[in-house]
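Q: Chains as they are written, first to last, in my numbering: chain A, 25 to 402; chain B, 120 to 435.
Because the hints were derived from the structure by calculation, they are not lab data. Note that CB positions come from ideal geometry on N, CA and C, so glycine has one too. Some hints here could point you the wrong way.
Straight line, CA to CA, 30 Å or less: simulated DSBU-like cross-link-like pairs of lysine-lysine [said to hold, decoys possible]: (1) B:K430 <-> A:K312; (2) A:K162 <-> A:K136; (3) A:K400 <-> B:K235; (4) A:K368 <-> A:K400; (5) A:K399 <-> B:K252; (6) B:K209 <-> A:K396; (7) A:K312 <-> B:K179; (8) A:K398 <-> B:K430; (9) A:K312 <-> A:K396; (10) B:K179 <-> B:K335; (11) A:K400 <-> B:K430; (12) B:K201 <-> A:K396; (13) B:K201 <-> A:K399; (14) A:K399 <-> B:K179.
Simulated DEER-style distance windows between Cβ atoms [to be verified]: (15) B:E234 <-> A:N26: 16 to 22 Å; (16) A:N26 <-> B:N304: 49 to 55 Å; (17) A:S151 <-> B:K209: 55 to 61 Å; (18) B:R343 <-> A:M25: 30 to 36 Å; (19) A:I374 <-> B:D191: 27 to 33 Å; (20) A:R43 <-> B:R296: 32 to 38 Å; (21) B:R296 <-> A:I401: 32 to 38 Å; (22) B:K346 <-> A:L50: 42 to 48 Å; (23) B:D191 <-> A:N26: 41 to 47 Å; (24) B:D254 <-> A:R395: 38 to 44 Å; (25) A:M25 <-> B:Q432: 48 to 54 Å; (26) A:E234 <-> B:A429: 49 to 55 Å.
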Amino acid sequence: MNIYRTLAVSRKEARQIIRDSRSLYLALGIPVLLMILFGYALSLDVNDIPVAVWDQDRSPQSREFLDQLTGSGYFRMVFRTENYKKIVQAIDDNTITLGITLPHDFSEKLKKGRPTTIQALVDGSDSTRAGIAIEYLKVIIATFESDVKLAELNRQAVLARVRQPVDPRIRLLYNPELVSRNNIVPGLIAIIMMVIAALLTSLTIVRERETGTMEQLISTPVKPNELIVGKLIPYFALGYVDLVMVYLMGEYVFRVPFRGSLLLMFAASGVFLIGALSIGFLVSVVAKNQFFATQFALLATFLPTFLLSGFVFPISNMPDVIQSITYIVPARHLITILRAIYLKGAGIEIIAFPLFMLVVLGFLVSSIAVRKLKKKIQ
Amino acid sequence: MTTNEREIEVYASDLTKVFGSFVAVNHIAFEVERGEIFGFLGPNGAGKTTTIKILCGLLKPTSGEARVSGLDVATQSEEIKKNIGYMSQKFSLYEDLTVEENIDFFGGIYGLSGEKKEERFQWVLGMAGLTDKRDIKTGDLALGWKQRLALGCAILHEPPVLFLDEPTSGVDPLSRRDFWDLINNLATEGITVFVTTHYMEEAEYCNRLALMNRGKIIALGTPRQLKRDWMPESVLELECDDLMTAAELLSQDQAFSEVAVFGNILHLVAKDPEAASARAQETLGEAGISVLNIGEVTPSLEDVFVTLTAKDQENG
Numbered sequence: 025m026n027i028y029r030t031l032a033v034s035r036k037e038a039r040q041i042i043r044d045s046r047s048l049y050l051a052l053g054i055p056v057l058l059m060i061l062f063g064y065a066l067s068l069d070v071n072d073i074p075v076a077v078w079d080q081d082r083s084p085q086s087r088e089f090l091d092q093l094t095g096s097g098y099f100r101m102v103f104r105t106e107n108y109k110k111i112v113q114a115i116d117d118n119t120i121t122l123g124i125t126l127p128h129d130f131s132e133k134l135k136k137g138r139p140t141t142i143q144a145l146v147d148g149s150d151s152t153r154a155g156i157a158i159e160y161l162k163v164i165i166a167t168f169e170s171d172v173k174l175a176e177l178n179r180q181a182v183l184a185r186v187r188q189p190v191d192p193r194i195r196l197l198y199n200p201e202l203v204s205r206n207n208i209v210p211g212l213i214a215i216i217m218m219v220i221a222a223l224l225t226s227l228t229i230v231r232e233r234e235t236g237t238m239e240q241l242i243s244t245p246v247k248p249n250e251l252i253v254g255k256l257i258p259y260f261a262l263g264y265v266d267l268v269m270v271y272l273m274g275e276y277v278f279r280v281p282f283r284g285s286l287l288l289m290f291a292a293s294g295v296f297l298i299g300a301l302s303i304g305f306l307v308s309v310v311a312k313n314q315f316f317a318t319q320f321a322l323l324a325t326f327l328p329t330f331l332l333s334g335f336v337f338p339i340s341n342m343p344d345v346i347q348s349i350t351y352i353v354p355a356r357h358l359i360t361i362l363r364a365i366y367l368k369g370a371g372i373e374i375i376a377f378p379l380f381m382l383v384v385l386g387f388l389v390s391s392i393a394v395r396k397l398k399k400k401i402q
Numbered sequence: 120m121t122t123n124e125r126e127i128e129v130y131a132s133d134l135t136k137v138f139g140s141f142v143a144v145n146h147i148a149f150e151v152e153r154g155e156i157f158g159f160l161g162p163n164g165a166g167k168t169t170t171i172k173i174l175c176g177l178l179k180p181t182s183g184e185a186r187v188s189g190l191d192v193a194t195q196s197e198e199i200k201k202n203i204g205y206m207s208q209k210f211s212l213y214e215d216l217t218v219e220e221n222i223d224f225f226g227g228i229y230g231l232s233g234e235k236k237e238e239r240f241q242w243v244l245g246m247a248g249l250t251d252k253r254d255i256k257t258g259d260l261a262l263g264w265k266q267r268l269a270l271g272c273a274i275l276h277e278p279p280v281l282f283l284d285e286p287t288s289g290v291d292p293l294s295r296r297d298f299w300d301l302i303n304n305l306a307t308e309g310i311t312v313f314v315t316t317h318y319m320e321e322a323e324y325c326n327r328l329a330l331m332n333r334g335k336i337i338a339l340g341t342p343r344q345l346k347r348d349w350m351p352e353s354v355l356e357l358e359c360d361d362l363m364t365a366a367e368l369l370s371q372d373q374a375f376s377e378v379a380v381f382g383n384i385l386h387l388v389a390k391d392p393e394a395a396s397a398r399a400q401e402t403l404g405e406a407g408i409s410v411l412n413i414g415e416v417t418p419s420l421e422d423v424f425v426t427l428t429a430k431d432q433e434n435g
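Hey, can you work out the whole structure from these sequences and the hints?
A: This is how it looks when you write it as structure tokens:
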């Protein structure tokens, strides 16, 4: 490999990238757009569930229950009413997800130690949201219930204060608030980098072939590996700009805590980037025309990356065969690495295996691309 | 080596290229001397481009041998690429780069650097007449300029052999002539030029020509030789006062194999020009038509080409 020829290719490719301002805007704009779309849309947390209440009892007890409900942070009181129809109507026009009716004998029955009822109307059209809302409601009712029981027991007991027999104290490590965004953003970075990197390079070779410049190139002493590496360098730089941008968005827009080493994160992502760009090259070498190249690059990267990387669907739940296939999906390894660095502050010894896999995959794909190009030329 | 003594730059012997069941190049042989402009003339699909690609090391021959500057095309294609310039049929520079950037790129690819690169850069700009257009985007240049720039980029590294595959297709006649002036200059400097074309007038510029049809060389020689050897009948030009009557009279005469009106003159094709001339004057004299002028003209390469390919088609 001749370094001067390689650099001549890089210089030319960089000039073409800069001159093609529309593609440049896309290359820089798409990651930001995807980050915003997915970052906000893919939040699995349910907060501020809108609630309407018909408190028929209007007692200190009923007020206490409602305080616990709204004080939890999961529910937000939209309005109080004394009309059942209004609750149903509000669910229909999506102003509330949950309607709660406390019966007029709510406090009376509690005082007598008899079971009382709470009616909850839930909008089931979004089953995930409805399920989560019901779970939250159950927890709040259970807490309220045990508080009432404890108060009653404490009133009766003369000598000793009674405690709950079991008081579970669960402490979540690494993502204490269980904010799904903290988990999603590192994964999102991997997905975006994969798709954008493959898209960036998917046109480079096939465009040279379509415009006829390839024919000129192959009559010169430039070799396939010089061509691939030379083209890789400017796209690698562009990919890094994208990487820094999505990282900064994670930090300042989504406020995802970063606990690990920045250097390690950017180094591992760089290794990943080489592999992802090489996939684009491979597509570009094989593709018949530019249109096919972009479509194929999108499909070939987005689908496996989205489905098999563990981004949304946990790999541990997949059948064994599928699980072994996920090892050849580069994003799977980057997601493991990024989540470990972001959430656990992991060092190199912990991410050694996925990093090794990225090196292997990158080397494999890039050498296949060079070999295919060599074959195509001769 | 005898080839070096005779300064043979391009040499092919029994060269054959087969694609599947299609024989694109069929056992051809030729030699091109240093400083010669050697033309390949033939219809589309005759095998011209395939031959050029083999010689440039872009395609491996199926059988036979070919050498460029003493290098074997089958085994030394990498070395050959450093020693040749190649200009393909399609304009193939980067249209989104400027003139200067294109030259810079090809200079880098051919391993030029420092002073040498600057010197060749200036030379190409001067040669192509693009000195004041160096910052213009290549895509905005007229085709004639583009062609000259492509030529410049192909000879940046001063290759001893230059391959041009239909270099002037689509270029206006004036630019074409300018282009050929450049080619002639290069040849006088000792560069061997190997060119394919289907423009007859362009073929006239070549020192020697190989006529190709269906993968085979059907004739080879200087344009003059080809016309002499392959055009056994002569063409007479005749001027007279009553062109139409004359054409009618003469076309009934078996002595002329063809009679055609070209503007205000007649073209007569016949085996023996002397006898035909006498016969025409006699016939027209009897009809009371006065002959103003009659004389033999040299047949064009087009005549030769049409005759030869037709003959080849009949034989095949």
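Q: Give a verdict on every hint.
A: Consistency of the hints with the structure:
1. Distance check on the hinted pair: K430 (chain B) and K312 (chain A) sit about 40 Å apart at the alpha-carbon level, beyond 30 Å; violated.
2. Distance hint between K162 (chain A) and K136 (chain A) is fulfilled; the C-alpha atoms sit about 22 Å from each other, no more than 30 Å.
3. With a C-alpha separation of about 33 Å, the suggested pair K400 (chain A) and K235 (chain B) falls outside the 30 Å cut-off, and the hint is violated.
4. A threshold of 30 Å between alpha carbons decides the hint, and for K368 (chain A) with K400 (chain A) the separation of about 46 Å lies outside it, so the pair is violated.
5. In summary, the hint linking K399 (chain A) to K252 (chain B) is not supported, as the alpha carbons are separated by about 38 Å, beyond the 30 Å threshold.
6. For a cut-off of 30 Å, the pair hint linking K209 (chain B) to K396 (chain A) stands: about 24 Å separates their Cα positions.
7. Proximity of K312 (chain A) to K179 (chain B) is assessed by CA-CA distance (about 23 Å); at most 30 Å being required, the pair is judged to hold.
8. Taking the CA atoms of K398 (chain A) and K430 (chain B), the gap is about 42 Å. The hint is violated against a cut of 30 Å.
9. Under the criterion of a C-alpha separation no larger than 30 Å, the hint pairing K312 (chain A) with K396 (chain A) is consistent with the structure, at around 13 Å.
10. Distance check on the hinted pair: K179 (chain B) and K335 (chain B) sit about 18 Å apart at the alpha-carbon level, within 30 Å; holds.
11. Between the alpha carbons of K400 (chain A) and K430 (chain B) the distance comes to roughly 38 Å, so the proposed pair goes past 30 Å and is violated.
12. For the proposed pair K201 (chain B) and K396 (chain A), the alpha carbon gap of about 23 Å is at most 30 Å, so the pair holds.
13. For the hint pairing K201 (chain B) with K399 (chain A), the CA-to-CA distance comes to about 20 Å; that is within 30 Å, so the pair holds.
14. For the given pair, K399 (chain A) sits about 12 Å from K179 (chain B) by alpha-carbon distance, which is consistent with the 30 Å threshold.
15. Between E234 (chain B) and N26 (chain A) the Cβ separation comes to about 20 Å, which falls inside the hinted range of 16 to 22 Å.
16. Against the hinted window of 49 to 55 Å, the Cβ-Cβ separation of N26 (chain A) and N304 (chain B) comes to about 31 Å, which falls outside the hint.
17. Checked against the given bound of 55 to 61 Å, the beta carbons of S151 (chain A) and K209 (chain B), roughly 59 Å apart, stay inside it.
18. Restraint check, R343 (chain B) to M25 (chain A): a C-beta distance of roughly 50 Å breaks the suggested window 30 to 36 Å.
19. The hint said 27 to 33 Å for the Cβ distance between I374 (chain A) and D191 (chain B), and at roughly 56 Å that hint is violated.
20. For the pair R43 (chain A) and R296 (chain B), the supplied restraint of 32 to 38 Å holds, since their beta-carbon distance comes to about 34 Å.
21. Against the hinted window of 32 to 38 Å, the Cβ-Cβ separation of R296 (chain B) and I401 (chain A) comes to about 35 Å, which satisfies the hint.
22. Separated by about 59 Å at the C-beta atoms, K346 (chain B) and L50 (chain A) break the suggested range of 42 to 48 Å.
23. Look at D191 (chain B) against N26 (chain A): about 22 Å separates their beta carbons, and that is not inside 41 to 47 Å.
24. Our hint of 38 to 44 Å for D254 (chain B) and R395 (chain A) holds, since their Cβ atoms are close to 39 Å apart.
25. Between M25 (chain A) and Q432 (chain B), the C-beta spacing of about 50 Å keeps the proposed range 48 to 54 Å intact.
26. Under the hint 49 to 55 Å, the C-beta atoms of E234 (chain A) and A429 (chain B), about 38 Å apart, miss the expected range.
Hints 1, 3, 4, 5, 8, 11, 16, 18, 19, 22, 23 and 26 from the earlier list are contradicted by this structure; the remaining hints agree with it.
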